[in-house]
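Below are the chains, spelled out letter by letter.
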Amino acid sequence: MRKFNIPYSFEYKSILELYADWIRDGTLKVNADWNRDLKIKFTVQDPCNIARKIGTDKIVNDLRFVLKTVVGEENVVDMVPNRSNNFCCGGGGGALQGGFPEQRRAYGKVKFDQIMETGADYVIAPCHNCHAQIEDICEHYGGEYRVVHLWTILCLAMGVLGDNERTYLGPDLAELNVLQRRVNNDE
Amino acid sequence: MDGMIQLDDMDCEFKEEILSRVPGANLDLCFTCGTCTGGCPASEQFGMDPRKFLRMLLLGMDDEVKQSPWAWVCTMCARCKTVCPMEIDIPKMIYNVRGSWPREKRPKGILGSCDQHIRTGNAMGVPSEDFAWTVEDVAEEIRNEHPGFENLQASVDRVGAVMALNQNSREPVTEPDEMGPLLKILHIAGVDWTYPTVMWGGENYCMFLADDEGWRYITEEFVYHIEHNLGCKVVINTE
Ligand code: SF4
Ligand code: SF4
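Going down the list, the sequences are from chains X and C. Going by my numbering, the residue at position 21 of the first sequence is 21; the numbering climbs one at a time, nothing skipped. Going by my numbering, the residue at position 148 of the second sequence is 335; the numbering climbs one at a time, nothing skipped.
Bear in mind the hints are in silico, worked out from the structure with no lab data behind them. Warning: the hint list may mix true and false statements.
Said to hold, decoys possible - Pair ranges (Cβ atoms, derived):
| id | chain 1 | residue 1 | chain 2 | residue 2 | range |
| --- | --- | --- | --- | --- | --- |
| 1 | C | G418 | X | D33 | 38 to 44 Å |
| 2 | X | S9 | C | E291 | 34 to 40 Å |
| 3 | C | Y411 | X | Q180 | 43 to 49 Å |
| 4 | C | G211 | X | E102 | 32 to 38 Å |
Computed from a predicted structure; not experimentally measured. Note that the Cβ used here is the ideal one computed from N, Cα and C, for glycine as well.
Assemble the whole structure, with the sequences as input and the hints as a guide.
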């Protein structure tokens, strides 16, 4: 919108900022009790678009605040470097559909090593390009981690995640805190 | 591109052309310190790196610059620009190099997604009616089967909703159940929201394609829909 000087009057926000606001003001009541004993480790991919290109770390700091609240501060392990100095995962700029998979994966090798270094079981990737790329390099380089959306973990922590909403969770979390679905007669 | 740089043509037409479009790109200020290259994850792919690419442009090697597939390997992540002591805008340079490719020669995957977006409002080419149907279907299932969410609402194009949400088109097409958690969070937070059905895809392949016209069209249509049809005060990026 800025690029083309298109005037607009609405506010443009990231859902991550809202999650943080809602947790701070008590709208979303959520905590990390479920992970106190499990101690499952998480790391974060900072999408270039919201980490570097907007010129402030506000959104990625909100992202960390939310994640630490729902999985426990001690279970969040940052990659190095991170936030606005983060390495691009290699999936951006259309690279996933750019037709140079070999180069894209070589590009992603650095990211893969950074993730492995954290020892995390799960990577939160709040961008679809990052999500797909980080999954792809995991498979390609033989990693064990999984890539999840933040909304999945938020719902898990609130106990409202159904069994049908766990595609990206591993066996360790497949059965935890499952919202029991009603069985309908017409099924 | 390996090997020696040939100084046979110092006519820097392409550089001038880019600078006329992006006057603040500072391309001439590069003193080849290499900081950009050191931190660029795309360095060495196709024997190229940002400093070298810029140097070739400054030396007038226009054909080589325009033909190098490296322009599509760089992800325009802006790490180079952030650390460059001279604030040289390499991502914008790359964007313009991409834009110099004949449109039909640009990578098919990106081209196809951009065209779909222009045509249907999302990169996967989902018709708006199908999107609306999927949203309602997911909401209906949650209301019926998930205890505590009997009153969950999800709407499309609801005039006067406070917030408009974009949505990556991957979920509605390949994994609609993945839309559920977000709907539930919005429900718990008591948000007054709706999905627009005009240019609703959260993705932006026309930007990747460096298709200014397509990108502008998508943005204009979206803004018009939000401002004039729906009147939403806030647009939420769910990516
Ligand atoms: S960091 Fe800037 S000045 Fe240094 S080589 Fe790269 S573009 Fe040139
Ligand atoms: S924008 Fe391109 S050249 Fe710059 S650091 Fe990222 S990949 Fe490298």
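Status of the hints after comparison with the structure:
no.: 1; hint: C/G418 x X/D33: 38 to 44 Å; result: 41 Å, holds
no.: 2; hint: X/S9 x C/E291: 34 to 40 Å; result: 38 Å, holds
no.: 3; hint: C/Y411 x X/Q180: 43 to 49 Å; result: 45 Å, holds
no.: 4; hint: C/G211 x X/E102: 32 to 38 Å; result: 35 Å, holds
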